[in-house]
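Peer 1: Sequence:
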Amino acid sequence: PGRGFESRPPPHFKEFLIKFFLPMFVIFHNFASQIKLEEMARTALAYGAKLVVVSKATGMAAQAGIPTVSRLVFEKGGRLLVTHTLEEALELLNPKKVYLITDLAQEELKKEEIEEGNAYVFFGNYPVKKEEELGEMRYISPKGVSEVAQVCLLFERK
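In my numbering, each residue carries its 1-based index in the sequence shown increased by 82.
The hints are simulated quantities; they were obtained by calculation from the structure and are not laboratory data.
Beta carbons: idealized from backbone N, C-alpha and C, even for Gly.
Careful, some of the hints might be misleading.
As the list claims (entries may be wrong) - Pairs of lysine-lysine, DSSO-like flavour, derived with a Cα cap of 27 Å:
#, residue 1, residue 2
1, 192, 178
2, 193, 178
3, 225, 192
4, 179, 192
As the list claims (entries may be wrong) - Using C-beta positions, here's what the derived DEER-type ranges look like:
#, residue 1, residue 2, range
5, 193, 157, 30 to 36 Å
6, 149, 190, 33 to 39 Å
7, 231, 188, 16 to 22 Å
8, 159, 179, 25 to 31 Å
9, 226, 162, 27 to 33 Å
10, 214, 164, 21 to 27 Å
11, 214, 166, 17 to 23 Å
With the sequences and hints as input, model every part of the structure.
Peer 2: Laid out in structure tokens, this is it:
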């Protein structure tokens, strides 16, 4: 409001994203570590992601990680979307389904749940109750592997 653009994306925005970017939406949420955020983005880009989404970056991830990720994405010819909240990212992307990837989940992410139009949220810190309500919690087996390994396994299993 007051900035010269609508607060809601145009109706064709989701179709545009699916057509021109990797059809899976990978979101890196609530990261404070610059190194971890950069590794997550670098891994997603190596697997062909054309859109990197970062929500609620804090600390060094926000100060130094975002500029580095921006450069990595630019060099690969992709796009970077940075939002204040996970809710904002999901509103803009409007995914078919949202899967919250965390070892706290009781249910494993199934191969058939990995499909275009879905969003997969990786957390820098464990999700809070409000965030848990935004999607279905899933873990990527084996439990206990790093978030970077989880991103690799997600792309390998699609």
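Peer 1: Do the Cβ positions of residue 159 and residue 179 conform to the proposed distance bound of 25 to 31 Å?
Peer 2: Given range 25 to 31 Å: holds, Cβ gap about 28 Å.
Peer 1: May I ask you to test the hint 16 to 22 Å on the CB atoms belonging to residue 231 and residue 188?
Peer 2: Since the Cβ atoms of residue 231 and residue 188 sit about 20 Å apart, the hinted range of 16 to 22 Å holds.
Peer 1: If you draw a straight line from the CA of residue 193 to the CA of residue 178, is it 27 Å or shorter?
Peer 2: holds, 16 Å
Peer 1: Hint check: residue 192 vs residue 178, CA-CA at most 27 Å. Holds or violated?
Peer 2: Distance ~16 Å between residue 192 and residue 178 Cα, so the pair holds.
Peer 1: Should the hint that residue 226 and residue 162 are 27 to 33 Å apart at their CB atoms be regarded as holding?
Peer 2: holds, 30 Å
Peer 1: Return holds or violated for the Cβ distance of residue 149 and residue 190 against the range 33 to 39 Å.
Peer 2: holds, 36 Å
Peer 1: Falls inside 17 to 23 Å, the C-beta gap from residue 214 to residue 166?
Peer 2: holds, 19 Å
Peer 1: So the hint says 30 to 36 Å: do the beta-carbon atoms of residue 193 and residue 157 match that?
Peer 2: holds, 31 Å
Peer 1: Is residue 225 within 27 Å of residue 192, Cα to Cα?
Peer 2: Holds. Residue 225 to residue 192 sits at ~14 Å (cutoff 27 Å).
Peer 1: Going straight from one Cα to the other, do residue 179 and residue 192 come out at no more than 27 Å?
Peer 2: holds, 13 Å
Peer 1: Within 21 to 27 Å or not, the Cβ separation of residue 214 and residue 164?
Peer 2: holds, 23 Å
Consistency with the previously given hints is maintained throughout, with no hint failing.
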